[in-house]
Amino acid sequence: PKHDPLTIFCDLMGVEYEEMAHWLCHRKLATATETYIKPVSKLHAINARDALAKHIYANLFNWIVDHVNKALHSTVKQHSFIGVLDIYGFETFEINSFEQFCINYANEKLQQQFNMHVFKLEQEEYMKEQIPWTLIDFYDNQPCINLIEAKMGVLDLLDEECKMPKGSDDTWAQKLYNTHLNKCTLFEKPRLSNKAFIIKHFADKVEYQCEGFLEKNKDTVYEEQIKVLKSSKFKLLPELFQDEEKVISPTSATSSGRVLLSRTPVKPAKAKPGQTSKEHKKTVGHQFRNSLHLLMETLNATTPHYVRCIKPNDFKFPFTFDEKRAVQQLRACGVLETIRISAAGFPSRWTYQEFFSRYRVLMKQKDVLSDRKQTCKNVLEKLILVLDVVLKKFTLLKYNDNVKMLMEIRKISILQTGWLSEFCVIDWT
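In this text, residue positions in the sequence shown follow the working numbering: the first is 12, and each later residue adds one.
If you're looking for bench data, these hints aren't it; they were derived computationally from the structure. Cβ atoms here follow ideal geometry from the backbone N, Cα and C, with glycine treated the same way. Certain hints may be false.
Using C-beta positions, here's what the derived DEER-type ranges look like [claimed, not checked]:
#, residue 1, residue 2, range
1, Thr196, Ile423, 49 to 59 Å
2, Ala64, Ser368, 57 to 67 Å
3, His37, His316, 51 to 61 Å
4, Glu392, Thr196, 46 to 56 Å
5, Thr362, Tyr150, 43 to 53 Å
6, Ser424, Asn324, 18 to 28 Å
7, Ile423, Leu247, 55 to 65 Å
8, Lys327, Glu392, 51 to 61 Å
9, Thr196, Glu135, 44 to 54 Å
10, Thr314, Ile75, 42 to 52 Å
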């Protein structure tokens, strides 16, 4: 039919309708001696359709990013950069599946990085410099991350089940129960279901439905479908799928079309003698985990700044503020503890040379010594009556914003006095 979705798709892609319809409903299997074609079930056909749609989206997305990067590429060697990571927030719905699991896993990793940077490293620095400090407790979500990504964790058992010839969501659920139920305090089983599990995330408890996890984790795109796309009459399609072993991305998209992170290359589902075409690549979960590790390496090598987005309500209603829900999010994200550590800490940190260069105008000649540390200390003791400065470390000077403000005011006053004096002399002459 003219308005059939597959017809519209084939017209847009510039491919033959009969070929695409055939390979969405059939698959090629190869053994050591022969190759044969078999029809697939309705469920497998639906999964193949969805996987192909996400694959096209991911390849087009990667193509756009690559061309933008080429256009912006500079031959100048890069020493530093400014990056913006805008990532989806914690999700919990009435029905939560593989997409929500990956999103919440990513949020656990980002929360861990936040904890490490804001709490652990910050407080270790104060202890190292022997600053009087009362340790501020924070929620360590490492056990939850271990439950997800460690050996025999949720992802490990999921990948193992995907390799089984008769693996299913139900048998995977039973393996989860046998491995973690009553052994891990962060893992629970719903009372009225044998096909779901609950994880206590840092933000909230989430119940995940096991149905569809295996198929979404495999996310198989078959080679025959790719060949049909590569035969398109439009030049862009063959370009998107050229050298497919290097271009295919395991990026999984959510039901709303959002890409789940990874752009790591992976091989297509190509049948080989003695191997079924579904045994073709690392799973989406495996690739997602690797992508998160690479992201964390990048973040840990930078100086991060955080912007926390708080939902005013869970229903996306305008002009509606749920106070209890907002406070729950603030507590879960560690914002309240962050405020405490920021208020008690020393946000301004300069080397002694930087401090000397900026406030040299405040120093008399006799105050300037060869020892920059002692010079800075003498100036502060003379100019700031309430000394709230830390001079323990040999290379850094730390002080709070009140001290910084007073120093800036004094500097401005002296500069203004000098300028006005010069102006008056010039005007008088």
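Verification of the hints:
At about 57 Å, the beta-carbon gap between threonine 196 and isoleucine 423 stays in the expected band of 49 to 59 Å. The supplied range of 57 to 67 Å is met by alanine 64 and serine 368, whose beta-carbon atoms lie about 58 Å from each other. In this structure the hint that histidine 37 and histidine 316 lie 51 to 61 Å apart at CB holds, the actual value being about 52 Å. Taking 46 to 56 Å as the suggested C-beta distance range, the pair glutamate 392 and threonine 196 conforms, at roughly 53 Å.
Under the hint 43 to 53 Å, the C-beta atoms of threonine 362 and tyrosine 150, about 34 Å apart, miss the expected range. In this structure the hint that serine 424 and asparagine 324 lie 18 to 28 Å apart at CB is violated, the actual value being about 49 Å. With their beta carbons about 59 Å apart, isoleucine 423 and leucine 247 fall inside the hinted range of 55 to 65 Å. At about 56 Å, the CB distance of lysine 327 to glutamate 392 agrees with the hint of 51 to 61 Å.
At roughly 27 Å, the beta-carbon separation of threonine 196 and glutamate 135 lies outside the given 44 to 54 Å, and the hint is violated. For threonine 314 and isoleucine 75, the hinted distance range of 42 to 52 Å is not satisfied, since their beta carbons lie about 29 Å from each other.
Checked against the numbered hints given earlier, this structure breaks hints 5, 6, 9 and 10; the rest are met.
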